[in-house]
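Each chain is listed here by its residues.
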Amino acid sequence: MNNCNSDDIVFHGTLQQLVNKVERGEMVPKLQASHAPMCKFFTSFYVISGIRHVVPLVHGPTGCPLWVSDIVRTRECCEFRGVPLEPTACTSLDETNVIYGGEGKLLEAVREADARYNPDLIVILSCCCSGIIGDDVEGVAREAEKLVRAPVLALRSEGFGGDFRSGYEDAFELIMDLMEPPKTTRKGTINLIGARMGPSLTEFHDDLDEVTRLLRAVGIKINAVIAGGCTVDELRRAREVELNASWCYDWGQKLGDAMEARFGIPYSRTGQPYGLAATVEWIMGIADPLGLGHVAERVIRDETEKVRSDVEYLQRTLDGRTAVIEISEFPGPIRALSIARMVEECGAHAVVVNVHPYTIKERMPSIKFLLENGVNPEVILTKGLFRLGSFRSSRETERELEATVRGFDDPIFFGNAARYPDCPVVNLTLLNPMYLPHYGFRGIHNIAELLRHALDNQGLPRSALFRGMLYGNETN
Amino acid sequence: MYKEAPLTPTEACLDPYVRCALSGAAQTALGVRGSAVLAHAPQGCNYLVDGAFSWQDCDYAQTTTLCTKLCEDEIVHGGEELLARTILEAKELEISALFVLSACGPEIVGDDIVAVCEETQPKVDFKIIPIECAGFRGSQYDGIDIALEAMLRTLAATERKTIPNSVCLVAPHANANPTWMADLAWVQDVLAKLGIKVVATLTHETPLSELANTSAAECVLQLSHDAGYKAVSYLADTFGIEPLCVDTPLPVGLTNTRRWLTALGKRFDVEQVTEGLIADGERMVTETCRRRWPVARFFYRTPAAIVADATVGIPLVRFATEEMELTPTLVALRSVRAEAERLLNRELNDLRVTPHTVCGTDVYATRRSLETVRPRVVFGSTIERHACEGLDVPYVFEVVRPVRHFRLLNREYFGYRGILNLLECIQNEWSDRWRSKQRRYAAHW
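Protein chains in written order, with this note's numbering: chain A, 77 to 552; chain B, 5 to 449.
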């Protein structure tokens, strides 16, 4: 790297060096206002609502469930994902309940929810309010279960009680309670774990469809996608599988480890299937333990043949060049590191820009897993992003990013089209369904196609309108 | 008439339409130009502030929202120190006011945001306004009232000399039209034509100086049937500002608009001007309809449900009954203000219609009510579109938030263009309903 304004940079080194700093408690952004990812309650809710016919019963005021029900349920799930209108019940705690406690109201709410919605499961989710006043949600769940038809679970998901990750993890642990002792072991059957899809918006089904397609081609059956629209019955039978797998080590890791420790079900530890090597590793990581390695090899051979020209194009184009990969709103930190691995495999020098220390901290197990597997790209963190900490487009971060990219000879930018560096931009946003999935063999084709567009059209003018919209006219 | 009466939601198990007080307070604070909002809250509550940010049409290049992101430590040991530090960090921002909003957590553990704001005020150049608006204090409409009261008490405390022929506008943002700013713009435009000065708008893009001048208004005009009642009372009681159009539904539809404009004309002695506006407006609507032939005329006496906030829902009753010749069979309102309920009952009596009414409905009560009443047409939102699944409701006109059709431009429901906007929603829904979903055969080319 050259010509980069060092005043703009707060960290420049390897991923491992950044991890070391974070572990030493260094690199804490100054402004408290920075970074407000979802709270523990939201992420718990996402996991729970990924189970079909569940009533997430929010023990709190109406503000807590409404964000998720309004945006997630109505727009993302009913409109985009074909999910029917599902309940988001709430005890709507008021000042009186805060003073005198809301356990009675909660018990009544469970009974009503059971009578109204005919659910397969009721999960009580506590919020800041009910958590602080000390309502015993687990006790109410136990009491309520005697009175209603549906099983009732409770999850302490107070927003202040942990980071966004802890919500996912605690919810996954909770639903393990539904998994019954196996009556049999189903040969060649796995669970895909770590999903949060159903009436929630997290995973991109195109990626899930691609990995499911590949598994089916190998002859592997899927008991449940946990919790990506799975049923309570599938959860009950989740221990009958031979193996757990995830399409993302990050999301599957906690549940995979927990199910391995508690039930002895092995977990296939692989990264995201971005690019040829990672895809092969991902498939074999599942097929080999199931004794289906030979079938998988044939599927891989056939699929590789179909994308041979794309793989050759990627290698020919990226070999010897610098790929600057930015973690912005999409594709997200773990995906960006997976892309770093993919481009390095094609001979490029990967530089990951703006992976924030908070991201490292909250995803430490996954980041360490990637490091153990040799993913240790060069990392640059600019001042604007670090200080303000916002993952939204900001003028300062854009200016710094453009300056950073100018510091490399003949780079290619991998990120999304909301950035305007003076080089080809590979638009990896996940909000453009035309080029999804990014995973697997179809992903290789799509990413090659996006790279081709970037290079073939690099001479075309960028939009002053969109740039002005994102950053104001001062940077024009 | 029906096998069973529609349900009234219970308090214990609610699937709500309306957000909490923090959300409403944030919506109100973010309507003040040149300010920032600091949520003294865990990080999740900041999403409600983000929602409020969009609702007020804020520009992220100009407006900043902050959050103390409280964790377990602050809940156990208190978060006042963190709040003070965050307020001081906001010195970096170019703002004239900082609204400090408290969420459930800090209020329950007893953080005194008012005291923190008082202590830090001398250390910063901007005005700090604390608003105690924990979610458990009520609905988003209660939050709007709480924030308006805090603003009026701190920023409009001084009595000013009354400006003749002037008004202040209250709670334009408590309106479920997804682009309610157009309703406000219509009101502002009409007032300008009548020669009436708007002293302050509480709130939308409101400079602090306007807020300080609120008490100079001669009259107050409430632009919501869901919130703002308390602010109107406060202005009347404290400064003697006269409330206008108190018992009149907001100007949606020909009759409502005529009544509303006529009331203004009488009060400000500009009846000739209002008569002109009414005549021009009604002519424009009629001529436009004659040229475009909206299909709304085909729905004659079709049973209709209205599921909306009170602000849009109450005036829609007359619009649906009179202008569209529908028969209202269900009116379900998301909020439950006594004043709004009285107004609705007056309208129903006046129109001599007897629909089932549900005040303070939730999603479950709506679904069950629709199931019982079985209307053929629903005015509502995307939620009702999905709640109607399996009920054989051919038309759901999405007019209140959330709506699935994206709008880049603001569209009002108030006034004469508002009537055309509503008819356009109906026309497009009608077209979607009749659009062929499959081909009977393939073409040869």
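If you're looking for bench data, these hints aren't it; they were derived computationally from the structure.
For glycine and all other residues, C-beta sits at the position ideal for the given N, C-alpha and C.
Treat the hints with care, as some may be off.
To give an idea of the interface, some chain B residues facing chain A are shown, with a C-beta separation under 10 Å as derived from the structure [claimed, not checked]:
(1) E111
(2) G147
(3) P298
(4) V299
(5) R305
(6) E345
(7) L347
(8) R408
(9) K441
(10) A446
(11) A447
Q. With 10 Å as the cut and Cβ atoms as the points, is G147/B at the interface with chain A?
A. Holds, about 9 Å.
Q: Would you check whether V299/B satisfies its interface hint, that is, whether its CB is within less than 10 Å of any CB in chain A?
A: violated, 25 Å
Q: Against chain A, run the beta carbon of R305/B and see if the smallest gap drops under 10 Å.
A: violated, 29 Å
Q | P298/B as chain A interface residue, shortest Cβ-Cβ below 10 Å | A | It is violated, given that the least Cβ distance between P298/B and chain A is near 26 Å, above 10 Å.
Q | When the least beta-carbon distance from A447/B to chain A is tested against 10 Å, hint result | A | violated, 26 Å
Q) Going by Cβ atoms only, is A446/B closer than 10 Å to chain A? A) With a closest approach of 25 Å, the A446/B hint is violated.
Q. Taking the least C-beta to C-beta distance, is E345/B closer than 10 Å to chain A?
A. Given a least distance of 19 Å, the restraint on E345/B is violated.
Q.
Can you verify the interface hint for L347/B: is its Cβ closer than 10 Å to any Cβ in chain A?
A. Where the cut-off is 10 Å and the nearest Cβ of chain A is about 24 Å from L347/B, the hint is violated.
Q. Does the CB of R408/B sit less than 10 Å away from some CB of chain A?
A. holds, 6 Å
Q. Measuring from the C-beta of E111/B to each C-beta in chain A, is the shortest one below 10 Å?
A. Holds - the Cβ of E111/B comes within 10 Å of chain A, reaching about 8 Å at its closest.
Q.
Restraint: K441/B near chain A, CB-CB cut 10 Å. Satisfied or not?
A. violated, 16 Å
Going down the numbered hints, you'll see the structure goes against 3, 4, 5, 6, 7, 9, 10, 11, while the others check out.
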